[in-house]
Amino acid sequence: MNHSATAVMDNRHPMPGMQVYNLKLGMWIFLLSEVMFFTSLIGSYIILRFAHPEHWTQPGVILNVPLTAVNTFLLICSSVTMVKAFVAIEQGDQKGLKLWLLATILIGASFVGIQVVEYTKLIHEGFVPSFSAYAAEGGNLYGATFYLMTGFHGAHVTIGVLCLIFVLFRAMKGAYTAESYGGVEIIGLYWHFVDLVWIILFTIVYLL
Amino acid sequence: MNWSWMLPETVSTYGPAIDQMYYIILVITGVVFFLTEGLLIAFLVRYRHKEGRKAAYIHGSTKAEVIWTLTPFLIVMSIALASKSSWDLVKNPANFPADAMQVVVTAKQYEWNVTYAGADGRIGTADDFTSRNQLHVPVNKVVTVNLRSEDVIHSFFLPDFRLKQDAVPGKEISVWFEATRTGEFTLGCAELCGLGHYRMKGTVFVHTDADFQSWAASRAEEEQQ
Amino acid sequence: MSTAQLVSSLEGEDRSQPGYAGEGQHDISFIRKYIFSTDHKTIGKQFLFLSLFFLVVGGALAGLMRWQLGFPGQPLPGGGVLPDTMAPGGIILPEFYNSLVTMHGTIMVFFAIMPLLVGVFGNLLIPLQIGAPDMAFPKLNMMSFWLAVPAGAVMLASFFVEGGAAGAGWTSYAPLSTSGEWTGVYLGQQLWLASLIIMGFSSLTGAVNYITTVINMRAPGMTWFRIPLPTWSLFITAILILLAIPILTGGLIMLLFDQTIGTTFFIPAGSGEPLLWQHVFWFFGHPEVYILILPAMGIVSEVLACRARKPIFGYHAMVLAMIAIAFLGWIVWGHHMFQSGMNPMLGTTFMISTVVIAVPSAIKTFNWLGTLWRGDIHFDTPMLHALSFVSMFIIGGLSGIFMASAPVDMYFHDTYFIVAHIHYVLFGGSLFGIFAGITFWFPKMFGRMMGEGLGKIHFGLTFIFYNMVFFPMHNLGVQGMMRRIYDPNEYEFLRPLQEMNTFISISVFLLVTTQFLFAFNFFWSMFKGRRAPANPWNSNTLEWTVPSPPAHGNFAVMPTVYRGPYEYSSPEVDADFYPQDQPPPGVGSGGHTASGPEPVPGA
Chain A
30 MNHSATAVMD
40 NRHPMPGMQV
50 YNLKLGMWIF
60 LLSEVMFFTS
70 LIGSYIILRF
80 AHPEHWTQPG
90 VILNVPLTAV
100 NTFLLICSSV
110 TMVKAFVAIE
120 QGDQKGLKLW
130 LLATILIGAS
140 FVGIQVVEYT
150 KLIHEGFVPS
160 FSAYAAEGGN
170 LYGATFYLMT
180 GFHGAHVTIG
190 VLCLIFVLFR
200 AMKGAYTAES
210 YGGVEIIGLY
220 WHFVDLVWII
230 LFTIVYLL
Chain B
82 MNWSWMLPET
92 VSTYGPAIDQ
102 MYYIILVITG
112 VVFFLTEGLL
122 IAFLVRYRHK
132 EGRKAAYIHG
142 STKAEVIWTL
152 TPFLIVMSIA
162 LASKSSWDLV
172 KNPANFPADA
182 MQVVVTAKQY
192 EWNVTYAGAD
202 GRIGTADDFT
212 SRNQLHVPVN
222 KVVTVNLRSE
232 DVIHSFFLPD
242 FRLKQDAVPG
252 KEISVWFEAT
262 RTGEFTLGCA
272 ELCGLGHYRM
282 KGTVFVHTDA
292 DFQSWAASRA
302 EEEQQ
Chain C
704 MSTAQLVSSL
714 EGEDRSQPGY
724 AGEGQHDISF
734 IRKYIFSTDH
744 KTIGKQFLFL
754 SLFFLVVGGA
764 LAGLMRWQLG
774 FPGQPLPGGG
784 VLPDTMAPGG
794 IILPEFYNSL
804 VTMHGTIMVF
814 FAIMPLLVGV
824 FGNLLIPLQI
834 GAPDMAFPKL
844 NMMSFWLAVP
854 AGAVMLASFF
864 VEGGAAGAGW
874 TSYAPLSTSG
884 EWTGVYLGQQ
894 LWLASLIIMG
904 FSSLTGAVNY
914 ITTVINMRAP
924 GMTWFRIPLP
934 TWSLFITAIL
944 ILLAIPILTG
954 GLIMLLFDQT
964 IGTTFFIPAG
974 SGEPLLWQHV
984 FWFFGHPEVY
994 ILILPAMGIV
1004 SEVLACRARK
1014 PIFGYHAMVL
1024 AMIAIAFLGW
1034 IVWGHHMFQS
1044 GMNPMLGTTF
1054 MISTVVIAVP
1064 SAIKTFNWLG
1074 TLWRGDIHFD
1084 TPMLHALSFV
1094 SMFIIGGLSG
1104 IFMASAPVDM
1114 YFHDTYFIVA
1124 HIHYVLFGGS
1134 LFGIFAGITF
1144 WFPKMFGRMM
1154 GEGLGKIHFG
1164 LTFIFYNMVF
1174 FPMHNLGVQG
1184 MMRRIYDPNE
1194 YEFLRPLQEM
1204 NTFISISVFL
1214 LVTTQFLFAF
1224 NFFWSMFKGR
1234 RAPANPWNSN
1244 TLEWTVPSPP
1254 AHGNFAVMPT
1264 VYRGPYEYSS
1274 PEVDADFYPQ
1284 DQPPPGVGSG
1294 GHTASGPEPV
1304 PGA
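Protein chains in written order, with our numbering: chain A, 30 to 237; chain B, 82 to 306; chain C, 704 to 1306.
Note that these hints are calculated values from the structure, not bench results.
Keep in mind that the hints are not guaranteed to be accurate.
As the list claims (entries may be wrong) - Here are the simulated DSSO-like pairs of lysine-lysine, each with C-alpha atoms no more than 27 Å apart in a straight line:
| id | chain 1 | residue 1 | chain 2 | residue 2 |
| --- | --- | --- | --- | --- |
| 1 | A | 127 | A | 202 |
| 2 | C | 748 | C | 842 |
| 3 | B | 165 | B | 252 |
| 4 | A | 53 | C | 1159 |
| 5 | A | 202 | C | 842 |
| 6 | A | 113 | A | 127 |
| 7 | C | 736 | C | 842 |
| 8 | A | 53 | A | 202 |
| 9 | B | 165 | B | 222 |
| 10 | B | 131 | C | 1159 |
| 11 | A | 53 | A | 124 |
| 12 | B | 135 | C | 1159 |
Given these sequences and hints, build the entire structure.
Here it is in structure tokens:
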């Protein structure tokens, strides 16, 4: 890159030495704070579970593991479709971009939908965050941590789906090209992060 | 005004060791305080702006950095290591003196309830007796306090004994002390526990052994009625 | 595809952003220019007014608190101005006193000191000092400010709801804070949590912006070790905010659920763990302590070097000490919990990590002294504040050693000794650093000089009254007075201390009154002060190479940086300063040529 001291300054263009463009760097930095947020929730869960194992049941007794396994598989698929969308626009394939974005949105929305069905069923069965029929002292740390962690993850997926819809909307207006696909790239980063968090949550909340 | 850097008289066996640690830190920090502030003032006077003066063009000195990294490190590390023994002695149940008199202190908004073992020497039996906002102990006898709380966190603070320990609901936390003289001393709450926090206080009565026995006997009898 | 193409393609997100210096001050509406501005300097000023307002609120709360302690049970002067739920007949109620304690701490930490340091100086200084036209994300920056406003409004509103404002302390220990059953405060406690969650988002968006800007937006030649220390400190602070605030947010959300939907994360009656809250809070809280002091350290380093006309002593050591603090800050939180019932073995571990973190602070102090040594010291108002930062920080640092020793802490924990300690760091340190920063950069912000005479009088009186307030508190602590107690006279052994408490309270009223001098000087200078030249302090850093105040977009041409920020009294030039962008002899002013020193960006 060439720079002369007389160049007009413009914060839309990279400054010298910039290796990653601002939005992408900003997203990476933001995801670090997300890591810490989920660390606080997961850390609290671990401490509470070690202190009061009697609140938890064997895996699969209350939570529907097969259903969630399917859901996990769906979310992993959506990461694949997200990558497909990214690869499509990298090659200037507008149709592919829109198609794969739509696929990601639909799978993401199905994930949230299945989670809502799961919550409804669990609440009908009496598995609520505040009260437990099987822990003597009252309180339900199992339910509370379950809804806390999966709920905040679900909120992240929902926000991701909304952002993807926004990106799709812009894609339909032809906002992205083979040279210019920052918006697709950063929503992709976010989406993969949310996917990764789910794999951790699925393991520790449902399987262990 | 009551201006003092001296801690109040201590009446527990480990109090003097803690006080000594305090005075050591007071002397060290006092010396550092006068040295650094003195140097600061000296520099301000000596190097104040004068017409025609140009400051020295010095960027630093690795030697100086090493010296003023290592010196404070060694000093504070020594303080930490020297503090370790008193800490372990007072707070680590593995080091508690054997043959202690056990009491249970249950904190609740805004009072201290003390339970003593009756004649059987065990707490949790029918002959237990209690006192409210009063902790009676014999002098020269190790007392283990098992702290509980019924509602929120309180802090069991015996300033004259140099002892402080939070009472946490859902947990029982043990600490100990041994009084070195008889008298009446303050028991305070040191953790904000609600609107009555400021009046959550009690008294520690340190008796001679004989006095304690007679107090215990009469109190136990009162309670049986 | 090049990065440039990729980035310019992103313009769709930001098409309305006026980013050019070349465009100058074009016509934008009043609302876009002063209210919903994306200019980092305007946002910095907005944060300045907001946080100074909260500083006044926090000070007023402290005044009320001190009235009760200085004159317990006596009606406030002016009688029953406050509603009966707070102070019937002017006599402060214990529950209102607890709200005062809580809200004074919360407002000062989250709405005064933190935005003053990070919001004001982060916004004002980072782009200017690294030679950038603005922040990386100007709109996100605007959002950061406009999240802080509703957060503050919610916090203030909580005073006026049924049950009053939060009363469980700024640390909000569970289970006291989990239910109105214990505190008598219901909605107020929830508004406290909601406000802090919103404020967390504000801090977070700011942090993402600062970090991206410092990494990506530096002018040619602005290598990492040529970055001025205020920007270094704000960069490290932003990293701490980025990683610490989400931890607090997680805890706040769990506490909010405990209060509202019946979960029992921290409530032992439902098997919850009260100590978990403390671990979460202090895991955030100790990095927070450094968030509150590091930027002040950066500001003071800048002012000391500039006004002593001497290179900062040990620039690299200064940066490394800050980095060390940022790392060690994560492993010392347990020293807030020595007496909490935590495993005593952990106490020993935390005691050792805690004393280690004292070392970088000591390094910084000695380097400040080294900077003054053989300097040419100009006693301007900013310098006086910076010097008092150093001398007060010494006291605050040394008093911390007492509590670092776990057995000594057994006596001092939760006494006025800790109150003295934190105020020596946060007032004597941070606030004097803030005063130094405001008086130093006032000309850059408002284009006018601040009144020097009034500034010195304000400094002198503040310094004296401040010490009259907080120094005796060490003694209250030595004699065993607990903090957060409504009326110490309840305890017989504290009654002899009433005289000292009254003395402190009178000093507080004097200290608060003195601040009107500052307010008057501030506003008078803003409109009537002497016009400021571009570089009134003969400083080296880039913000002084542009007019005061700088135009939108900051630099007419992209500056090139040739040297570090503290080349004062260099033998290479006759003047006693050598601006970072002044080409060395033999290099034309038309930018760097092949023969010039080739800047090494990002090295």
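For each hint, the structure was consulted:
Between residue 127 of chain A and residue 202 of chain A the alpha-carbon distance is near 11 Å, which keeps this suggested pair within the 27 Å criterion. Distance check on the hinted pair: residue 748 of chain C and residue 842 of chain C sit about 16 Å apart at the alpha-carbon level, within 27 Å; holds. The suggested pairing of residue 165 of chain B with residue 252 of chain B holds, with an alpha-carbon distance near 24 Å, which does not exceed 27 Å. Using a Cα cut-off of 27 Å, the hinted pair residue 53 of chain A and residue 1159 of chain C is violated, with the two alpha carbons roughly 47 Å apart.
For the hint pairing residue 202 of chain A with residue 842 of chain C, the CA-to-CA distance comes to about 23 Å; that is within 27 Å, so the pair holds. A distance of roughly 10 Å separates the Cα atoms of residue 113 of chain A and residue 127 of chain A; the hinted pair therefore holds under the 27 Å criterion. A distance of roughly 13 Å separates the Cα atoms of residue 736 of chain C and residue 842 of chain C; the hinted pair therefore holds under the 27 Å criterion. For the suggested pair residue 53 of chain A and residue 202 of chain A, the alpha carbons sit about 22 Å apart, so the restraint of at most 27 Å is met.
Annotation: proposed proximity of residue 165 of chain B to residue 222 of chain B holds, straight-line Cα distance about 24 Å (limit 27 Å). A C-alpha spacing of about 20 Å is found between residue 131 of chain B and residue 1159 of chain C, which places the hinted pair at or below 27 Å, so the restraint holds. With a CA separation close to 24 Å, the supplied pair residue 53 of chain A and residue 124 of chain A stays within the 27 Å bound. The hinted pair formed by residue 135 of chain B and residue 1159 of chain C meets the criterion: a straight-line CA distance of about 25 Å does not exceed 27 Å.
The earlier numbered hint that this structure contradicts is number 4, and it is the only one.
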